[in-house]
Amino acid sequence: GDSVTQMEGPVTLSEEAFLTINCTYTATGYPSLFWYVQYPGEGLQLLLKATKADDKGSNKGFEATYRKETTSFHLEKGSVQVSDSAVYFCALTDFGNEKLTFGTGTRLTIIP
Amino acid sequence: EAGVAQSPRYKIIEKRQSVAFWCNPISGHATLYWYQQILGQGPKLLIQFQNNGVVDDSQLPKDRFSAERLKGVDSTLKIQPAKLEDSAVYLCASSPSGVSTDTQYFGPGTRLTVL
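Here the protein sequences line up with chains A and C, keeping their order. This note's numbering numbers the first residue of the first sequence as 3 and each following residue consecutively. This note's numbering numbers the first residue of the second sequence as -16 and each following residue consecutively.
Hints are computed from structural coordinates only; laboratory data are not their basis. One or more hints might be untrue.
In silico DSS-like links for lysine-lysine, alpha-carbon gap of 30 Å or less [said to hold, decoys possible]: (1) A:Lys54 x A:Lys70; (2) C:Lys27 x A:Lys54; (3) C:Lys27 x A:Lys70; (4) C:Lys27 x A:Lys58; (5) C:Lys(-6) x C:Lys66; (6) C:Lys27 x A:Lys79; (7) A:Lys79 x A:Lys54; (8) C:Lys61 x C:Lys27; (9) C:Lys(-2) x C:Lys61; (10) A:Lys70 x A:Lys58; (11) A:Lys62 x C:Lys27.
A few chain C residues that don't get close to chain A, going by computed Cβ distances all over 12 Å [what the hints assert, rightly or not]: (12) Ile(-4); (13) Lys(-2); (14) Gln0; (15) Ser10; (16) Pro26; (17) Asp39; (18) Asp46; (19) Leu53; (20) Asp57; (21) Thr59; (22) Glu68; (23) Asp85; (24) Gly92; (25) Leu98.
On a predicted model such as this, the values are computed, not experimentally measured, just so you know. Don't be surprised by glycine CBs; every beta carbon is placed ideally from N, CA and C.
Assemble the whole structure, with the sequences as input and the hints as a guide.
This is how it looks when you write it as structure tokens:
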């Protein structure tokens, strides 16, 4: 079945550091890939998505590229801010199977 | 545009009691999902509705959990009787048409504690 493997956390970085959170997936069909973020005290919200191979999703300075050859969708940001502190979830849906399959989440803390 | 609404936000019950959660999706969204998020894990699907029909309830513990979506809009999720391991956040999400490329929009969740 479908699955998502996400970089173990927690991750602590200094402000303005470069961020990478690794995500790899296994899917039987044609997956769409998502990054969701959960800020403290708030609900899950979509950060970015990509629906086909080589697509790049981007939002709020974050980027992730759908790499079919390596089955990966790594999240990157060039310069993190304190306000980026949150839990980040990589997830997928599959063609004909619309439920989201999530990774375990990565807690990111940015220190000033 | 109003988001997904859920109530209550928090609930504390004793084991073997019953509890119900309510969800109002984004207006016009055909597909509604209930997910269970146990602390430290990613959310897992319990049930998916398309309009008022069930698409996937394969992970719903049907001996204790039930859900309905009346008139293809609001939905309720019920647990009866609750067990300690049901302590989790219950998330409702909706999407416009339920295709795999759709974005799912999540409500704030209901945090359930079973004592």
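Now the hints, each set against the structure:
no. : hint                : verdict
1   : A:Lys54 x A:Lys70   : holds, 9 Å
2   : C:Lys27 x A:Lys54   : holds, 23 Å
3   : C:Lys27 x A:Lys70   : holds, 24 Å
4   : C:Lys27 x A:Lys58   : holds, 26 Å
5   : C:Lys(-6) x C:Lys66 : holds, 14 Å
6   : C:Lys27 x A:Lys79   : holds, 27 Å
7   : A:Lys79 x A:Lys54   : holds, 21 Å
8   : C:Lys61 x C:Lys27   : holds, 17 Å
9   : C:Lys(-2) x C:Lys61 : holds, 14 Å
10  : A:Lys70 x A:Lys58   : holds, 12 Å
11  : A:Lys62 x C:Lys27   : holds, 27 Å
12  : Ile(-4)             : holds, 22 Å
13  : Lys(-2)             : holds, 26 Å
14  : Gln0                : holds, 26 Å
15  : Ser10               : holds, 18 Å
16  : Pro26               : violated, 5 Å
17  : Asp39               : violated, 6 Å
18  : Asp46               : holds, 21 Å
19  : Leu53               : holds, 21 Å
20  : Asp57               : holds, 18 Å
21  : Thr59               : holds, 19 Å
22  : Glu68               : holds, 18 Å
23  : Asp85               : violated, 7 Å
24  : Gly92               : violated, 6 Å
25  : Leu98               : holds, 23 Å
Figure legend: structure checked against the earlier numbered hints; hints not met, in rising order: 16, 17, 23, 24.
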